[in-house]
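Kindly produce the complete structure, drawing on both the sequences and the hints.
Line by line, the protein sequences are chains A and B.
So for the first sequence, numbering that gives the first Met the number 0 puts the first residue at 0; every next one is plus one.
So for the second sequence, numbering that gives the first Met the number 0 puts the first residue at 0; every next one is plus one.
Here chain A is said to cover these stretches of chain B; the calculated rule only asks that three of the stretch's residues, wherever they fall, bring their Cβ under 8 angstroms from a Cβ of chain A: (1) 43-49; (2) 56-67; (3) 77-87.
The calculated DSS-like cross-link candidates involving lysine-lysine, where the alpha carbons are at most 25 angstroms apart (straight line), are: (4) B:LYS81 x A:LYS167; (5) A:LYS105 x A:LYS153; (6) B:LYS92 x B:LYS31; (7) B:LYS81 x A:LYS94; (8) B:LYS92 x A:LYS167; (9) A:LYS543 x B:LYS64; (10) A:LYS377 x B:LYS35; (11) B:LYS35 x A:LYS423; (12) B:LYS64 x B:LYS31; (13) A:LYS423 x B:LYS79; (14) A:LYS417 x A:LYS377; (15) A:LYS94 x A:LYS105; (16) B:LYS92 x A:LYS423; (17) A:LYS399 x A:LYS58; (18) A:LYS320 x A:LYS399; (19) A:LYS417 x B:LYS31; (20) A:LYS167 x B:LYS79; (21) A:LYS399 x A:LYS340; (22) A:LYS417 x B:LYS35; (23) B:LYS79 x A:LYS94; (24) A:LYS377 x B:LYS108; (25) A:LYS543 x B:LYS81.
No wet-lab data here; the hints were simulated from the structure.
Cβ atoms here follow ideal geometry from the backbone N, Cα and C, with glycine treated the same way.
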Amino acid sequence: MRKLVWSLVFFFAASITASAQTAQELLRDGNGGSTDNVLTYGMGYHQQRYSPLTQINRKTVKRLVPVWSVSLANEFGEQGQPLVYNGVLYAANVKRVVAVEAATGKQLWMTPLEWDAAVARVVCCGLSNRGIALYEGKVFVASLDAFIRALDAKTGKELWKTKVAEWKDGYSITSAPTVANGVLMTGMTGGEYGVRGFVAGYDPETGKELWRRFMTAGPGEKAYETWPKDDAYLRGGASTWITGSYDPELDLTYWGTSNGGPWTAVPRPGDNLWVASVVAMRPRTGEIVWHYQWTPAETYDFDGNNENLLADIVVGGTKRKVLIHADRNGFLYTLDRASGKLLAANPYVKVNWAERIDLATGRPVETEVARKLRAGEKVEVQPRWTGGKNWMPMAFNPKKGRIYLPMLEETSVYQLNKDLPVYKAGERYMGVTNTTADRKPGEPWGYLGALDPLTAKPAWRVPLMEFPSWSGMLSTAGGLVFSGLPTGEFLALDEDTGKVLWQFRTGSGVNAQPITYTINGRQYVSVLSGLGGGTSSRRGTTGKVQPGGSVWTFALMAD
Amino acid sequence: MAGSKAPGLAAGIALAVLTATASAQAPGPFLKEQVKLGADIYERNCAPCHGPRMLDSQVPVDLRKFPPEQKDRFITSVTKGKNQMPPWGGLFKPEEIEAIWAYVMVGEKQ
Numbered sequence: 000m001r002k003l004v005w006s007l008v009f010f011f012a013a014s015i016t017a018s019a020q021t022a023q024e025l026l027r028d029g030n031g032g033s034t035d036n037v038l039t040y041g042m043g044y045h046q047q048r049y050s051p052l053t054q055i056n057r058k059t060v061k062r063l064v065p066v067w068s069v070s071l072a073n074e075f076g077e078q079g080q081p082l083v084y085n086g087v088l089y090a091a092n093v094k095r096v097v098a099v100e101a102a103t104g105k106q107l108w109m110t111p112l113e114w115d116a117a118v119a120r121v122v123c124c125g126l127s128n129r130g131i132a133l134y135e136g137k138v139f140v141a142s143l144d145a146f147i148r149a150l151d152a153k154t155g156k157e158l159w160k161t162k163v164a165e166w167k168d169g170y171s172i173t174s175a176p177t178v179a180n181g182v183l184m185t186g187m188t189g190g191e192y193g194v195r196g197f198v199a200g201y202d203p204e205t206g207k208e209l210w211r212r213f214m215t216a217g218p219g220e221k222a223y224e225t226w227p228k229d230d231a232y233l234r235g236g237a238s239t240w241i242t243g244s245y246d247p248e249l250d251l252t253y254w255g256t257s258n259g260g261p262w263t264a265v266p267r268p269g270d271n272l273w274v275a276s277v278v279a280m281r282p283r284t285g286e287i288v289w290h291y292q293w294t295p296a297e298t299y300d301f302d303g304n305n306e307n308l309l310a311d312i313v314v315g316g317t318k319r320k321v322l323i324h325a326d327r328n329g330f331l332y333t334l335d336r337a338s339g340k341l342l343a344a345n346p347y348v349k350v351n352w353a354e355r356i357d358l359a360t361g362r363p364v365e366t367e368v369a370r371k372l373r374a375g376e377k378v379e380v381q382p383r384w385t386g387g388k389n390w391m392p393m394a395f396n397p398k399k400g401r402i403y404l405p406m407l408e409e410t411s412v413y414q415l416n417k418d419l420p421v422y423k424a425g426e427r428y429m430g431v432t433n434t435t436a437d438r439k440p441g442e443p444w445g446y447l448g449a450l451d452p453l454t455a456k457p458a459w460r461v462p463l464m465e466f467p468s469w470s471g472m473l474s475t476a477g478g479l480v481f482s483g484l485p486t487g488e489f490l491a492l493d494e495d496t497g498k499v500l501w502q503f504r505t506g507s508g509v510n511a512q513p514i515t516y517t518i519n520g521r522q523y524v525s526v527l528s529g530l531g532g533g534t535s536s537r538r539g540t541t542g543k544v545q546p547g548g549s550v551w552t553f554a555l556m557a558d
Numbered sequence: 000m001a002g003s004k005a006p007g008l009a010a011g012i013a014l015a016v017l018t019a020t021a022s023a024q025a026p027g028p029f030l031k032e033q034v035k036l037g038a039d040i041y042e043r044n045c046a047p048c049h050g051p052r053m054l055d056s057q058v059p060v061d062l063r064k065f066p067p068e069q070k071d072r073f074i075t076s077v078t079k080g081k082n083q084m085p086p087w088g089g090l091f092k093p094e095e096i097e098a099i100w101a102y103v104m105v106g107e108k109q
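Below is the structure:
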């Protein structure tokens, strides 16, 4: 398989000009490639968000200072991860894509993303764009109205634009696209609007659709047995709103899928594959090679989209190629990523809907809370529907074998409605009444923490009392973990203790994805600031934190 | 709205206005069916941001305190959108937006 991958790499590398960003560079990003570049969502196809850079470390971080900041003129919120190539930093939000000099912040070009304001009606939970993809001299970006575009990386000029789906039917896109094995892929969102989830593959050169793999099984597929024998699968949810990871040796791309549609599972009895699952697909065809379902018969709004992080760790004395995933449902999973076999699953926050995940069957053992809920009673559910962790990605330090993640601890009051929801295109399709239980005084909203992926045991946890964190994490070989807070602080924590070693208050809330890279041997850290992008991330902040997007870049103060 | 005392003061004024209008020019009257229709539309489309039953709002607007004398502003904002709120005029008929107004005015008041 390795030979095949490298043959393909050679083929693609040979077919393009030397100045363009290549398939080989994508394979080496976060994997021994130049630290001058950040080319993939997740800082590597594995999405470990780990950097070997050490210039900024536990000792030097006190000299970390902002070197530039630029406005992104956006009040919707910033969740994106910038990419860096050849000294140019590319960043996106729902309104525009910008390219700036990474060392100075000087703007090179800006391309607006125009969409009908009414599109916001079909975006459930905050208007967002989590980033872009780079490949062969092109910047790829999806827009809220479910189009995908290729821009010239040098000028920002639009090269092609392809409609992915019809927003009036509830489809939109908030995730970054990705290029794997020469295919440009995008997910979509709309799980609250009775959509049929899918991942689609495109020719990066022309924008022509190559394949579309639906994430609810239909007639003629074996997995259709997990659906009622009607057309519920057509509105069954399973959207794909977080960018998939990729293992080039196995040639598998791993995508998570969202909640079922409608939220209430009553009109769709069965496990409903591939709702609330991870699917391993061939990027060339969209063929599903294996799947694992986090939450069978999902009715909690426990989307299973969060990042599927790939790592090689020792399990039971043997080094295994695994996939690590902290699900909204409150369990932290480790799977064998070649086969999909479950290796470990442990609660990482308070969980009351399931006692445990049965390692033999791979299925959750549901509790009395779940039985009452499914019977129509009003119950308190932990985690809240927003999950033990939401979209904000964790980081993994391969030297320490730990994951670093933000955790949420809240309780919902949740009931399936007696009246089943009626589907109307482009409107919410839910059938649930859900509110938030009062938090007890003195209880944290959640934590920033370092966990063992196999046991979920924390090395440390920092309680978050004022607000929870909705920021992604970045781990570095300098012994630091970077993250952010809704109140605007960008933080550097000691990876061994969680102690805040450094902080800087940016212009608005930090709920994005920090990156680090080098230019001429100097290490930089960049992060977007701008409260929002998710309505839940703004809870409780009204009047206390102002919105407004910007890019911030930091480096050690020169002598 | 700078200063720690301002929100409380503003709330006090809003309450006074509401009380005054309640006796002098109370909104409505609204039909029960109209309020029910408004509640249904609200729950499906508005609650995700403005909170279930107008509680636990995730945006800086508390609809329970919306001034009754500013119906035109309400109808315009819902129809055409405002700030981060999308325009709903393309989805709802004018009488449905009237129903949302009815629900916001009296639907959650005891």
